[in-house]
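Chemist: Combine both chains into one complex, guided by the hints.
In order, the protein sequence lines correspond to chains A and B. Taking the working numbering, the leading residue of the first sequence gets 279, the next gets one more, and so forth. Taking the working numbering, the leading residue of the second sequence gets 571, the next gets one more, and so forth.
Which stretches of chain A does chain B cover? Using the computed rule of at least three CB atoms under 8 Å from a CB of chain B, they are:
no.	region
1	345-351
2	551-561
The calculated label-pair distances, taken between Cβ atoms and stated as ranges, are:
no.	chain 1	residue 1	chain 2	residue 2	range
3	A	A367	B	R821	46 to 54 Å
4	A	T609	B	V767	52 to 60 Å
5	B	G661	A	M563	51 to 59 Å
6	A	G333	B	S779	48 to 56 Å
7	B	S950	A	V379	54 to 62 Å
8	B	A665	A	L617	46 to 54 Å
9	A	A313	B	P913	56 to 64 Å
10	B	G948	A	N405	55 to 63 Å
11	A	E608	B	R743	35 to 43 Å
12	B	P913	A	T609	49 to 57 Å
13	B	A815	A	V376	38 to 46 Å
14	A	A588	B	L769	39 to 47 Å
15	A	A635	B	P787	58 to 66 Å
16	A	A367	B	A921	52 to 60 Å
Simulated from the structure, these hints should not be mistaken for lab results. Here the structure is a predicted model, which is why all the values come from computation and not from measurement. The beta-carbon is built from N, C-alpha and C at its ideal position, and this holds for glycine as well.
Residue-level listing of the chains:
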Amino acid sequence: MALVLHLSQLTPPAPRPHHRRIARAVMDDAAQRQAGQVFALHNDDLLLLFQCDDGGSPLAATLAQLFQMDVPDSAQLFTLWSLEDDGAALLRYAQARVLDVPPEPPFAEPKGSAQAINELESVVGQNRITDLTQRQTAVLLAPGRDARLQPLFREISFSVAVLETRIAATGQAHADPFLFRHLASRLDARMLDALRQDLQANGPLTAGARGVGPKLHLNLTLSGILSDPFARFAAACRAIAAQVAIEISLVEACADPEAFTAARTRLRFAGLSLVLDGVSHHALMLTVPAVLEPDLIKLDWSPQLPEAGAAVAQAVAALGESRVVLHRAETEDALRWGLAHGIRRFQGRWVDTMLAAQRIGACGPGRCSMRQCAERASATGPAGRAGCRNPALLDAASPLAARSMAMA
Amino acid sequence: MSGNEPDHPEAPMAAPAGSPGLAALQGLVRDCATAGVERRVLLLRADLLPPRLTRPHHLGLIRDALDPLLSAERARLHDLPKGRLAVSWRGLAPALLQQSLEALEHLLGTSLRIGPATARSLVRLFDLPRDGTELLAAAGLESDDAAPPWRRAIPVAPPLMPLDAAALAMMERQLRRADMTRFARRKPVHRLDSGQVRLAWERRCLSISELADTLAPGRDIRADAWLFRRLTRVLDSRMLALLSAPFELHRAGPFSLDLNVGSILGPEFLRFDSALPSRLRGRVVLELQPADVLADPATFAFAREFAHARGYRLLLRGVTAASLPMLCLPPMELDYVQLRWSPELMRVAPAALQAGTAEWVLSRADEDNALQWGRDQGFSLFRGRALAVTA
Numbered sequence: 279m280a281l282v283l284h285l286s287q288l289t290p291p292a293p294r295p296h297h298r299r300i301a302r303a304v305m306d307d308a309a310q311r312q313a314g315q316v317f318a319l320h321n322d323d324l325l326l327l328f329q330c331d332d333g334g335s336p337l338a339a340t341l342a343q344l345f346q347m348d349v350p351d352s353a354q355l356f357t358l359w360s361l362e363d364d365g366a367a368l369l370r371y372a373q374a375r376v377l378d379v380p381p382e383p384p385f386a387e388p389k390g391s392a393q394a395i396n397e398l399e400s401v402v403g404q405n406r407i408t409d410l411t412q413r414q415t416a417v418l419l420a421p422g423r424d425a426r427l428q429p430l431f432r433e434i435s436f437s438v439a440v441l442e443t444r445i446a447a448t449g450q451a452h453a454d455p456f457l458f459r460h461l462a463s464r465l466d467a468r469m470l471d472a473l474r475q476d477l478q479a480n481g482p483l484t485a486g487a488r489g490v491g492p493k494l495h496l497n498l499t500l501s502g503i504l505s506d507p508f509a510r511f512a513a514a515c516r517a518i519a520a521q522v523a524i525e526i527s528l529v530e531a532c533a534d535p536e537a538f539t540a541a542r543t544r545l546r547f548a549g550l551s552l553v554l555d556g557v558s559h560h561a562l563m564l565t566v567p568a569v570l571e572p573d574l575i576k577l578d579w580s581p582q583l584p585e586a587g588a589a590v591a592q593a594v595a596a597l598g599e600s601r602v603v604l605h606r607a608e609t610e611d612a613l614r615w616g617l618a619h620g621i622r623r624f625q626g627r628w629v630d631t632m633l634a635a636q637r638i639g640a641c642g643p644g645r646c647s648m649r650q651c652a653e654r655a656s657a658t659g660p661a662g663r664a665g666c667r668n669p670a671l672l673d674a675a676s677p678l679a680a681r682s683m684a685m686a
Numbered sequence: 571m572s573g574n575e576p577d578h579p580e581a582p583m584a585a586p587a588g589s590p591g592l593a594a595l596q597g598l599v600r601d602c603a604t605a606g607v608e609r610r611v612l613l614l615r616a617d618l619l620p621p622r623l624t625r626p627h628h629l630g631l632i633r634d635a636l637d638p639l640l641s642a643e644r645a646r647l648h649d650l651p652k653g654r655l656a657v658s659w660r661g662l663a664p665a666l667l668q669q670s671l672e673a674l675e676h677l678l679g680t681s682l683r684i685g686p687a688t689a690r691s692l693v694r695l696f697d698l699p700r701d702g703t704e705l706l707a708a709a710g711l712e713s714d715d716a717a718p719p720w721r722r723a724i725p726v727a728p729p730l731m732p733l734d735a736a737a738l739a740m741m742e743r744q745l746r747r748a749d750m751t752r753f754a755r756r757k758p759v760h761r762l763d764s765g766q767v768r769l770a771w772e773r774r775c776l777s778i779s780e781l782a783d784t785l786a787p788g789r790d791i792r793a794d795a796w797l798f799r800r801l802t803r804v805l806d807s808r809m810l811a812l813l814s815a816p817f818e819l820h821r822a823g824p825f826s827l828d829l830n831v832g833s834i835l836g837p838e839f840l841r842f843d844s845a846l847p848s849r850l851r852g853r854v855v856l857e858l859q860p861a862d863v864l865a866d867p868a869t870f871a872f873a874r875e876f877a878h879a880r881g882y883r884l885l886l887r888g889v890t891a892a893s894l895p896m897l898c899l900p901p902m903e904l905d906y907v908q909l910r911w912s913p914e915l916m917r918v919a920p921a922a923l924q925a926g927t928a929e930w931v932l933s934r935a936d937e938d939n940a941l942q943w944g945r946d947q948g949f950s951l952f953r954g955r956a957l958a959v960t961a
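Chain B with its partners taken away, still in its complex shape (with noise of 0.2 Å):
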């Protein structure tokens, strides 16, 4: 199990209630009311970009555009709840407050394909002691009415420690005891071949998040990606002893794994190999992440011949519109190369769509779009509710 594509959509960031970032604004805003102190304001409403938009390194790029205008005297940053911020400064310092927008609007246009329009409605700027009231209503105290759909819609997850290595070791220990069957699951890919629709094969895996839910409870456990590759490499030699069980595949299909390139070169996989029923021997497709592959090619070119000598497809997944262009995908000699719908592939130029002899599978395929934009490039294989509605 190497892959990393979640479950579901990233949850938002939790808001933090009671920030001292929002104690001291609304300390500041209490002074200068009182004191008849000039304050200005500007706040940045990160909690308005989409849930995709707002990982951690996002909210500090966004951080980092704001820094111009910390050097502005009495500069003092304050970080609000749902991922909101804000800087006060003393005087008006234009060429400052001019520098850190042309930033936000570089880093953003740049890093999160966000325009100038977007990224200016994102920033208001306030005077104290005239716009307290309206600052701090702004600022952390509105109500959720006030928040927009998409984030009404889904609710905010309690947070998830995230997993560290001590805790890793211990879920590790967990694994080789725990029974894998209840996590096992089938997804299908289908070929769309002249209007008709047909299975492929089924991708058979383990339910990454019933697993951390049952065996690391409370914790996040793809928050460090290196740590979730690790443990993917245990995952992978449970599930190839659990379809070495006898009888497993007795009445199996054509089917599909998705494996660590080190994981084909170890015991379990012989084992897993010699117990293929021989009916099924060159239809069960090996699925590799491309980091995988480029971590160490000669074990990966290793690892392909020695799969394909005993009849194994090889299938290249993970790849996304970001990818695409920094792999050379032909010399990697592969069968299929499952590539990620998302709207930035309508931008991709068909000529960049190389990948040897491999055959492409488009996966996410959940919408028409995507099912259309797959058939005009040619594809036939797809993975996503589009095409298992119609079968």
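Chain A extracted, bound-state conformation (with noise of 0.2 Å):
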């Protein structure tokens, strides 16, 4: 018999190299058992051939439930060959995989150092706030013929690819999730005593919160919102009625009860909303998001979505579709999932090449790209902003406004 497990499948960032390594042991181990061999192929598929009286069922039954979330149609996973009936066949897909290109080195994940973090820690205190931090905006679909977008909120947040790209690091600060919630923990002291000077001086950053323009999001951690910077910052929220909602990454609300209801508890009593965010749709079916009682979740879109079954559309309805933004929302599939399960809020880079196309209208064809248009307006500093002649559209957020302002 041979089996062959197209790894090669595997929708990117999979065959990730843990994905690699237990495939390959579950696969030697039964080629140890059946007096078998295992080959790597230059697509990342792994062929096994070996002796098999059970028809190869028991392996494949194993490698089905493996990969169960990332390839629910196991079809689509492995091919089992009968050396007998199909060994043309399978000599053909041999001969084939010889003349595919031969990978690269297998690609390590970058392995986040403790080392790196410490080093990006640094950066943000050597910079200006403005240059290391980004900003996109979530919008509200209103149905209708006349499909507007009407902007929800502008989320502010550090931009990860900058700071590694000042210590020539890329890839570190995600490379270890533990790390990065760290990294993000001492990023919020920065970014609180910023947006607080902001806000007192009346700055640009923080005009959404002013009520000048959609209102501003932050994202924060638990150690954040109980830090005294946040205490700091949320007087000077609450001494302007400030419109402004803190974002809570549901692993941290789970991982620390206490310190969420902590934090929700100071969040209610400076007057801010709360956001759940990082809500992947495995993580909704393993939680219950509506016992954190958040005024907003942030659903992230996922190519896998359609296929996650009724299920996922139950707890969409169960939390309030009114409640629920489209995070991630890259592509038009999202929005079209979205819209077909009740959902008007989204927030993503479809949504900013969107926004990007109604500022272009406005401004006048010819002069940006969209991709330009979009990557301006989500910089909060001058250097990200050269080269638009508009900068005053790239602020306005809403389409209707630009083209108001356009005319004005």
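Modeler: Structure representation (structure tokens):
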């Protein structure tokens, strides 16, 4: 018998190193027990030739179980060949693989080092905050023939890519999720101080908080919310009844429920809204987010969402569609899935592009590409906006406002 | 080692001697007495709260409650020793005072589950210059005899520096060379069945506190939860290497290991798996944390299926009365769910104890009431001193 495991069919960033390592271990194990041999093919697939009396079903069942979340349809995951009946077809498949371009040396996921994170922390102290932050606007898509994008809020966050560029450490910040959460908590203090000063000086970063433009959203860690810089920021917000929402990751909330409850109380007391961030559809099935009493929940879009079945749709309905923002909405498929499930709130690159298209419509064609316009709109510092002839439009967020500004 | 349950209860906060807040308050008392100026002072005795409620975020909440009062004329906040706080202001400001007291009741009530009467008992009002001596005595100059009994009983540890990323990098380098054998510990998990107590398995772990004392003296390695979690990944690989050594598991009985999800899929685990004696296959339990499961559910599912295929059993640890309502346990397809005992569990409805086909384990069952509660719920697996004494 031959079994080909089609790791090449996994959706990037899979196959990740652990997929290859464990699949290889499972197939090596089968090879050892059943007088076989495993071959790694040029396209990342693994081929096992083995003696088999059971039709290969136990091994096939194990592989199907292992990859059930990555490849729900096991027919796409592996192919079983009988050497007697399918020998010629297997040979053709193997010959085709020989013609494949040999793979790059196995890509090792960058291992986040504590030293690199330490350097990233110091970068934050040495740079102007607006050069390190980015922003993204979320919209409400009003239904109807004249579908309009109505800005809901604008999230300000540190640009991890920019931070990494400063110390030439691409991939380090996200390489280790635990170190990344630590880095995020250290960035919070700097961000909170900067925003408080901006708020008190009527600066452009916090225009939304003062009611000029969409509401300001800020992603913070629990330790950031329970820190002194937050107390000072919250006092500044309370003083002007600022329009601010704080986003907390679902994982952090579940990791320390006591600290989460304290943080939520602090937000309520300061008059700030609570948004639950980082909710994947898998995590939605394993938790009860409504218990955390958020004002909004940001559900991460994934191309696997449409295959997730009725359970996700039921969970969204139970939360209330008006409380759900479809986050990381990068494609039109995301929008279509969201609308089909009653979701009207969206944030992501698809929204950025739509807003850019409308700004270009107001600004006049031929000057910039949509990508340039979207990138400049996400920048908070002058360097990122260089080249824009109409920076007021970048801040306008609302295409309608943009249009009227252009006409004025 | 993904565990974050401390080996010991949290030490109470250290009392900085000669704090600037106390000096300023002394100056104010002196000035009021000399010049006959009137001031009102609210003293908040956060030090009267139990240690578990005096973590920095609790103190932050208490400070928030005082915010309204800081709008009063000439208001000033004084940080005092032992976590005490004082606000001084000119005039009576009854509305602002009332607002702060109500906020304090609300914050303490919702977050710390402290009743209004206790909340108010933390607060005293003083009028200067009349009550100056009494205020200073209450603010920080009292002898320890006046402190509540639980505080006198626990020695105050010297302050530790929090572990930062640079110190972690150094500790990781040291860990690669350190001999782990001396830090290895075993803790029993008991099964109580028809009145009979027997050892279900041993929990194999490393003593975090001894490791910290040896490799990072003067550092609080749990001060940053995420750096600590990162550290546990390094400890996982060292623990797995230790157990993979020849003869290490020669006579071992069933045991459990506290691991990160990523560690189950690492090369060290594969080496451990190869070294595992066949008589232990199916008798090893892998313990995981909820945050680790939720951080990447797809990788968790992959690791679970791999572990099950190799005969390991999976346990979700660190579930508490507070986190229980947040989690939907049946779809996690676990073998065991370990619930940490606290009196708050007695208020949890039995219907909330839904774990699918998983069996419950009650940890920190140190006293009879914990054991009784667990038995009432039909639990038969326990960790803690209550059964260890009987066994």
